[in-house]
Structure formats: structure tokens, C-alpha cells
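For the sequence shown, position 44 (counting from the first letter as 1) is numbered 44 according to the UniProt record's numbering, and the numbering increases by one without interruption.
Note that these hints are calculated values from the structure, not bench results.
Where hints are given, some of them may not hold.
[Unchecked claim] Calculated lysine-lysine pairs in the DSS-like style (CA-CA distance at most 30 Å, straight line): (1) K40 x K122; (2) K58 x K152; (3) K75 x K13; (4) K7 x K152; (5) K10 x K58; (6) K140 x K49; (7) K109 x K152; (8) K109 x K61.
[Unchecked claim] The following label-pair restraints were derived from C-beta to C-beta distances: (9) R131 x L151: 54 to 60 Å; (10) E86 x A59: 16 to 22 Å; (11) S144 x G98: 21 to 27 Å.
From the three backbone atoms N, C-alpha and C, an ideal C-beta is built for every residue, glycine too.
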Amino acid sequence: MDEIDVKILKCLKANARENASVISDHVGMSVSAVIERIRKLEASGLIRKHTTIIDNKKAGKDITAFMFISLEHPKYIERINAFVRENKEILECHYITGDADFIIKVVTKNTQTLERLLNDVKSVSGVMATRTIVILSTIKEEFSVDPEELLK
């Protein structure tokens, strides 16, 4: 990892579809050298994937919420994991420390669909309690670390 890799990553973070020739101009390398570096970053696993970010509100999904889920016992972990994997409205799920066992990020159409999802979560065997927080507005939303932090 060097400064050129960081510059390449910054370009790709800003626009994952950026043309290698544009990146080569930005970093001062040949197109083939940039392509090779990108391939190495992908092969190392540092670049996991190139993706498209959909605007949830424009897609008709007006509610974003975080749900904290507490289980009766750790033996129920796989049940909640299976539920999460199958549910398309759940974007993220994290096993956490603290008062709850999991936090999930959900995006749904409206309060009625949020209520349905909450009832579905509560119906999973082993779920003891939930707490839901609805997001009113988002101040910052990043999807990966700042490439410059990789050199520190």
C-alpha cells in the first residue's frame, strides 16, 4: 500500500465506474499500470466489490430504522441469522455488545411496513425484546474507510 494506491482508491470510492484512463491521469501512471494495481487491490481483498448505491427515498422506501434485538438465549442466534438473511428490507445486521444482542438496519416503505417487519422480528423464536429507532435525517453516510487512513 502506497500513496498511489490511496489515490486510486480515492478515485474509485468517489466513482466505482471511473475509467482507468481518467484515474491514470489523476495518479500520473499508465492505464495498464493502474489496471494492474486495481487488480492487485481486488485480489488482496482490500477492494471487496464495486457497487451501485440506490437512493432509498427515490425508490419509494421512506423509512430507515435501526432495531435492537435481544434474545432469550444464545441458542437462538441461528434463528435470527436465518430470518435476517431471508429478509430483503434488512440491509445490515451486527452482533453487538451491550443491552441488546443484535442491531439491524432496515429500510422500508412506510410506518405500516415497518410495523409489519417489527412484528415479524418479534415472532422469531427466541426474540425476547426489541427497540426501534427511526432515522429522521442522515448527516453523514460513508460506506468504507477514507483511503488516506490506510497509510496511518
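Now for the hints, and whether the structure bears them out:
1. K40 x K122: Violated, at roughly 44 Å.
2. K58 x K152: Violated - the C-alpha atoms of K152 and K58 are around 37 Å apart, more than 30 Å.
3. K75 x K13: 39 Å, violated
4. K7 x K152: 15 Å, holds
5. K10 x K58: 26 Å, holds
6. K140 x K49: 22 Å, holds
7. K109 x K152: The hint is violated at about 41 Å.
8. K109 x K61: Holds, because 4 Å separates the two Cα atoms, which is no more than 30 Å.
9. R131 x L151: 54 to 60 Å: 39 Å, violated
10. E86 x A59: 16 to 22 Å: 20 Å, holds
11. S144 x G98: 21 to 27 Å: Check passed, 25 Å falls within 21 to 27 Å.
Hints 1, 2, 3, 7 and 9, counting from the list given before, are not met by this structure.
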